[in-house]
Amino acid sequence: MERKLKKYGLIFIAIAIILLALFMFYPVLYSFYLSLTSTKLGKTNFVWFANYKRILKDPLFWISLKNTFVILLIQVPIMLFLALILATILNDKSIKFRGFFRTALFLPAVTSLIAYTILFKMLFSYTGLLNTTLMRINLISQPIEWMSNPITAKAVLIIAMIWRWTGYNMVFYLSGMQNISEDIYEAASIDGASKIKSFFTITLPLLRPMILFTTIMSTIGTLQLFDEPMNLSQGGVTAATIGPANSLLTLSVYIYNLSFKYVPNFGYGATVAYVIVLLIGILTLVQFRVGATDDEKEARRLKKQEKLMNRRV
Amino acid sequence: MKRFLLFISVIALSIGLFAACAKSTPDTGSDTSGNQQKDSQDKSGSSDKQKITVWAWDPNFNIAIMNEAASIYKKTHDNVEFEIVEMAKADVEQKLHTTLASKMTEGLPDIVLIEDYNAQKYLQSYPGSFADLTDKLNYNDFAPYKVELMTVDSKVYGIPFDSGVTGFFYRSDILAEAGYNADDLNNITWDRLIEIGKDVKAKTGKAIVSFDKADGGLMRIMLNSSGLWYFDAEGNATISNNEALKEAMETYKKILDADIIIPTSGWNEWVGAFNNGDAASVISGCWITGSVKAATDQSGKWAAAPVPRLNYAESKNASNLGGSSWYILDAAQSKDAAIDFMNEVFGSNVDFYQTILTNNGAVASYLPAIKGSAYSAADEFFGGQAVFADMGKWMNEIPSINYGLYTYEADSAIMSNLEAYLSGSKTVEDALKDAEAQLESQIQ
Amino acid sequence: MKGKIGIPKIFIYLILIVASFLSIFPFFWMITGMTNSAVDIVRGKMTFGTMFIENIRILFSEYDMALVLINSLKVTGFTVVLCLLICSMAAYGFVMYKSKVTQRLYALTMLTMMIPFAALMIPLFQIIVQFKLLNSHFALIITGATSVFIIFFFRQSFVTYPYEIIQAARVDGAGEFRIFFRIFAPSMKSTFFAAAIYAFMTSWNSYMWPLIVLQTNDKRTTTLLISYLSSAYVPQYGVIMTAIVLSTLPIIIIFFAFQKQFVQGMLGSLKA
Chain A
1 MERKLKKYGL
11 IFIAIAIILL
21 ALFMFYPVLY
31 SFYLSLTSTK
41 LGKTNFVWFA
51 NYKRILKDPL
61 FWISLKNTFV
71 ILLIQVPIML
81 FLALILATIL
91 NDKSIKFRGF
101 FRTALFLPAV
111 TSLIAYTILF
121 KMLFSYTGLL
131 NTTLMRINLI
141 SQPIEWMSNP
151 ITAKAVLIIA
161 MIWRWTGYNM
171 VFYLSGMQNI
181 SEDIYEAASI
191 DGASKIKSFF
201 TITLPLLRPM
211 ILFTTIMSTI
221 GTLQLFDEPM
231 NLSQGGVTAA
241 TIGPANSLLT
251 LSVYIYNLSF
261 KYVPNFGYGA
271 TVAYVIVLLI
281 GILTLVQFRV
291 GATDDEKEAR
301 RLKKQEKLMN
311 RRV
Chain B
1 MKRFLLFISV
11 IALSIGLFAA
21 CAKSTPDTGS
31 DTSGNQQKDS
41 QDKSGSSDKQ
51 KITVWAWDPN
61 FNIAIMNEAA
71 SIYKKTHDNV
81 EFEIVEMAKA
91 DVEQKLHTTL
101 ASKMTEGLPD
111 IVLIEDYNAQ
121 KYLQSYPGSF
131 ADLTDKLNYN
141 DFAPYKVELM
151 TVDSKVYGIP
161 FDSGVTGFFY
171 RSDILAEAGY
181 NADDLNNITW
191 DRLIEIGKDV
201 KAKTGKAIVS
211 FDKADGGLMR
221 IMLNSSGLWY
231 FDAEGNATIS
241 NNEALKEAME
251 TYKKILDADI
261 IIPTSGWNEW
271 VGAFNNGDAA
281 SVISGCWITG
291 SVKAATDQSG
301 KWAAAPVPRL
311 NYAESKNASN
321 LGGSSWYILD
331 AAQSKDAAID
341 FMNEVFGSNV
351 DFYQTILTNN
361 GAVASYLPAI
371 KGSAYSAADE
381 FFGGQAVFAD
391 MGKWMNEIPS
401 INYGLYTYEA
411 DSAIMSNLEA
421 YLSGSKTVED
431 ALKDAEAQLE
441 SQIQ
Chain C
1 MKGKIGIPKI
11 FIYLILIVAS
21 FLSIFPFFWM
31 ITGMTNSAVD
41 IVRGKMTFGT
51 MFIENIRILF
61 SEYDMALVLI
71 NSLKVTGFTV
81 VLCLLICSMA
91 AYGFVMYKSK
101 VTQRLYALTM
111 LTMMIPFAAL
121 MIPLFQIIVQ
131 FKLLNSHFAL
141 IITGATSVFI
151 IFFFRQSFVT
161 YPYEIIQAAR
171 VDGAGEFRIF
181 FRIFAPSMKS
191 TFFAAAIYAF
201 MTSWNSYMWP
211 LIVLQTNDKR
221 TTTLLISYLS
231 SAYVPQYGVI
241 MTAIVLSTLP
251 IIIIFFAFQK
261 QFVQGMLGSL
271 KA
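Residue numbers (our numbering), protein chains in the order written: chain A, 1 to 313; chain B, 1 to 444; chain C, 1 to 272.
One chain only, chain A, in its complex shape:
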C-alpha cells in the first residue's frame, strides 16, 4: 500500500515536474553555465568567474541596481501601507457601499502591465491631461516635464505602480482580516482600547503572515520589474537611455539590453540575472527572519539546539 501510494504521488506530480524540468530547471542551469562564458563578435569563450568580477566595476549595473532598490524601498512600503489602511477601513462593517468601494479599489489590478503603463505615460506627458488640468485650475503656470527629469520620471513610475497594485494587496489584507474574530475586537473595546490601539495590538500582529506574504511577493515582483520601465521610457529599446539619465533602467531591463540591444553578450546578461536571483534569495530570507513571529523564532532556536544535542549524543 505504502509503495503504491508513493507511485501515485509521482504520477500526480509527473507532468508538472517534466514541464518544469524542461522550462525551468534546465534553463536555470544553462543560464548559470552561460554566466561563466563571454561572447565577443560571435566567439564564445569560457571565462570562469570573470563576468562576476566585471559586474563590480560596471557603472550601468550599479545604476540599475540603485534604481531597482530606490523603487523597491519607496514603492513597496507606501503601497502596502495604503493597502493596509484601506483594508482596515473597509473591514468596518458599519461602512456603507463596502462592496462598491472594494471593487473600485481592486479594479486597477485587472489592467495589463502594458495598458496601465501606456495610460500613465499619456497622462503625465508634457502636453498630457495632468499638465493641462493643473494649468486650467491655475495650480501651475508652465507644464511640468514629468518624463524628462530623472526624479519625476521615477516618481511617475512609482505612482503608476502604486495605482496598479494597492487594491490588489488590499484584497489580501481584507481576506486576512475577515479571519480575525469580531470577539477579540469587542473584548478589546470593552477593556477601553481605542480603534487605533486595537489596530496595532490586534490587527497588525494577526495579519503578520499576510503582510509577510505580500512583502515577499512585491519584492520579487519589483526586482523583476520590466514591462513598466520599458514602456514608460519613450522609444523603448531604441532609446539611448531608459528614462532620463537611465533613471528607469532596472536590472531586468539591463539584462534585456545586454542580450538584445547592445553588442550581444548573453554570458554577461546571465551573470546579471544570477545576481538578481542572489538578491531575491537574500531578501526573502531576511524578510522571513524579520517577519517570523517570536514563537517561530523560538521554535527554530529549539530545533537547532536539539540538533546540536543529537550530534553530541
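Incorrect hints may have been included.
[As the list claims (entries may be wrong)] In silico BS3-like cross-links for lysine-lysine, where the CA-CA straight-line distance does not exceed 27 Å:
hint : chain 1 : residue 1 : chain 2 : residue 2
1    : A       : K40       : B       : K89
2    : C       : K260      : A       : K96
3    : A       : K304      : C       : K98
4    : C       : K260      : A       : K43
5    : A       : K66       : B       : K433
6    : A       : K4        : C       : K100
7    : A       : K66       : B       : K426
8    : B       : K335      : A       : K43
9    : C       : K132      : B       : K89
10   : A       : K53       : B       : K89
11   : C       : K132      : A       : K7
12   : C       : K98       : A       : K6
13   : C       : K189      : B       : K206
[As the list claims (entries may be wrong)] Residues on chain C that point at chain B, a partial pick, calculated with CB under 7 Å:
hint : residue
14   : S20
15   : V101
16   : Q103
17   : F125
18   : L134
19   : Y228
20   : P235
[Claimed, not checked] Chain A is nowhere near these chain B residues, computed Cβ spacing over 12 Å in every case:
hint : residue
21   : E83
22   : K95
23   : Q120
24   : A233
25   : G272
26   : G347
27   : E409
28   : V428
Just so you know, these hints were derived from the structure itself, not from any lab.
Glycine included, C-beta positions come from ideal geometry on N, C-alpha and C.
Start from chain A and add chains B and C according to the hints.
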C-alpha cells in the same frame, strides 16, 4: 478500471490539445511551404514559385517603399510573392538578435532593414549570417559613406538605402514674423541658432524647436558634422578628449538654459510639437520631412536650410542622422530571388527612386537617382524650394565616419551622464570622464 | 464609543471616495478616449466624442483586432485549462503523498519562484526553437502550463483538507484518480476559481515572452498590439485607448462574474 480510463482520457486530451495547437499554429517555415504548394496548384505551369519575406518598420516610409518596390518587381516576375512584415523598429532589432543568437535560421526573413548605426554590430556579431554581396551589386553607384558602413574585411554585405542627410527645417512664416529671412538662417552656427531662438521666443512666443533631452539625436548630428565620433578609426573610445563632443554637450546646456525649446519625451510628443505649430522648426534627418508634411494645413509655410555647425574648426554645415540599409540573410530560402529583386529595383531603377522621393520623401543614396527629375522639382510644401536638390548638395559634404559596433552603448554612456551636467551637479569634463569609464566597461 | 465616531466617519468616507475616484478615473478616461481623436485626447478632452466608430473601424480593419483578441483568448484559454489541471494535480501529489522524493521536489520547485524571467529567456528561447515552436501559440501555452506560484497557491489550500476523507474513500475502494477528480476537486471549487482567475490574468497580460516568441503580425496578442500601437510613429491615441479597453474587458467580465469565488478561494489558500 474507471480511474484508468480517466487517466488515459486526460492524457489523450493533452495530446489532442497539443496536436490541435500544433496544427493550427504552424511555424513560418511550414507556412511558407504550405503557401507554395497551394500556389503551384493554383497556377500550374510556373513551377518555381518564390516567396520573399521582408522585415521593416515605419508603415509610411520603409514599408510603403518596399510595397512599391515589390509591385514594380512583380510586374516582370509573376512567380515571386512578397510578405512584407511591419514591426516596431525595436521589435525588428530584438527579433533579429534572438533568432541569430539561437543560431536558428527558421523564422528569419529573406530581407531585413537595419539602421546604419547598428549595421557593424550585426555583421560582426553574427559572422556568416548575412549574404556577401560584394560581386552582386555595383557599389560605385552608391554614396561611398553608406557603402563604408556595411563593409567588413573588404566584403560588402547590404544594399544602401535612404540617406540621413540632415537639415534645419523651419516655419518660414514664424521666423519671418520675428524678422528672419532665408539668408539669415543659411549656414549658421548653433550659437547663432540660440540667439535667433531667444528672439523668436520674445517676438512670437513660439519655441524654436521641440527637444527631447533623453534623445541623443542632436548630439550625433553635431558630432557627425565635425567628422568625429564616439570612437576613433581603430574603435577605441574617444570621449574625454573629444573636443566636438565637449562642445556638443555645452551646446545642449546652452539650448536648455536659454529657455527656447519645448521639452518633449519621445517621438510622439516631439513630432506633435511641430505638427501642432508649437515649435517653429525641427533639426533632423531628411526622413523627418514625411512627418513635417503630415500637417497639411502648414503647406507653403516651411523652408529648409543646412544644419547648424559647431564652432569646432572642422565642423561643417552638413551631417547625417540615422538612415538604414537592406540586408539579405545568407540562409534565406529565397536568397537568390531576393538578390535579384534588390539589384533590379534598388540597384538600377532610377524611376523607382523618383517615385519614392515624391511619395515618401526618401532621399536615396543611389547616386544616379539624384540626377532624376523629382530631385530638381520645386516643393510646394516648402514654399517652392527645391529641397531635395539642396539635400543632394549637402549629402556630398557629410564627413565620412565609421560608426563601429557600439553606438547604443556610447549613446547610453553619454546620455546617462549628460543629465548630471545639465542639472549642474557635474562639470562637463567630469561628465565626459564618467561617460568614458562607463563606455569602456561596456565594450570589454 | 459609537457617539465618538461622528466626525471621523465623514473623514473615512472622504478617504474612500478620493481613493476610489483615483482608482476609477483612468478607466473613465480610457472609455471617453475610445470616442475621441488623438488630438482631442492629447489636449485633455474628457467628454465623449464622435470618433468611437472610426476608432473601432481602424482597430479592426487595419490592425485586425478581432484576430488579435482570438489569439489572446486561444492562448489564455488553453493555458488556463492546462495550468489548472497540471498544477492542481502536482499540488495534490505534493500534499497527499508525502515522501522524501516529493518533499525534495517541492522544495526545489519553490526555489525557482525567485528566478526572474530575464534569466531564463535565452535558454528558453533556444528550447522553443529546437522544438520548432517559434512563432507558434503553442510555445506560449506549453511554457505557461506550469506555474510555480499556482502550485504553491494550490498547495496552501490543499493542506487544510482533512486527510481522513481521502482515507475513507480508499477504504470504500475508490481509486486515487477518482478520489482526486470526483471527491477532492469538486470540494475545492473556489480555490480552482481563484487560481483560474490568477492564471487567466497572468497569461492574458504577459508581454515579454510573446514579444520574443511571436514573429508575425497574424500571431500577435493584445499586449503586443497595444505596445506596437503606442510605439508607432504616428500616434493614434484614440485607437490605443480603444485597444486598451477591449483588451481589459475580458478580464473585467471574468473577474466580476467570479468575484465571490475568487475572494473565497484566496481566503482558503491564505489561511494556511
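**Hint consistency between K260 (chain C) and K96 (chain A) [alpha-carbon to alpha-carbon, up to 27 Å]** = The given pair, whose Cα atoms are some 19 Å apart, holds under the 27 Å limit.
**Asked** If you draw a straight line from the CA of K66 (chain A) to the CA of K426 (chain B), is it 27 Å or shorter?
**Response** holds, 19 Å
**Prompt:** Since K95 (chain B) was said not to touch the interface, does its Cβ keep a gap of more than 12 Å from each Cβ of chain A?
**Reply:** Nearest chain A Cβ is 9 Å from K95 (chain B), so the label is violated.
**Per-residue hint verdict: V101 (chain C), partner chain B, C-beta under 7 Å** = Interface hint status for V101 (chain C): violated (20 Å vs cutoff 7 Å).
**Prompt:** Does the structure keep K335 (chain B) and K43 (chain A) at a Cα separation of 27 Å or less?
**Reply:** holds, 26 Å
**Item:** When the least beta-carbon distance from Q103 (chain C) to chain B is tested against 7 Å, hint result
**Value:** Where the cut-off is 7 Å and the nearest Cβ of chain B is about 24 Å from Q103 (chain C), the hint is violated.
**Asked** Is K66 (chain A) close enough to K433 (chain B), meaning Cα to Cα at most 27 Å?
**Response** Measuring from Cα to Cα gives roughly 21 Å; hence the hint holds.
**Least C-beta distance between E409 (chain B) and chain A, which was stated to exceed 12 Å** = For E409 (chain B), whose nearest Cβ neighbour in chain A is about 5 Å away, the distance does not exceed 12 Å, so it is violated.
**Request:** Would you check the hint for K260 (chain C) and K43 (chain A), treating anything up to 27 Å between C-alpha atoms as holding?
**Result:** violated, 56 Å
**Request:** For the pair we were handed, K189 (chain C) and K206 (chain B), check the Cα-Cα distance against 27 Å.
**Result:** Answer violated: K189 (chain C) to K206 (chain B) is near 64 Å, above 27 Å.
**Prompt:** Under the criterion that the straight-line Cα-Cα distance not exceed 27 Å, is the pair K132 (chain C), K7 (chain A) satisfied?
**Reply:** At roughly 33 Å apart (the allowed maximum being 27 Å), K7 (chain A) and K132 (chain C) break the hint.
**Asked** Q120 (chain B): least C-beta distance to chain A exceeds 12 Å?
**Response** The claim is violated: Q120 (chain B) sits with its nearest Cβ about 9 Å from chain A, within 12 Å.
Consistency with the previously given hints fails for numbers 4, 10, 11, 13, 14, 15, 16, 22, 23, 25 and 27, ordered from lowest to highest.
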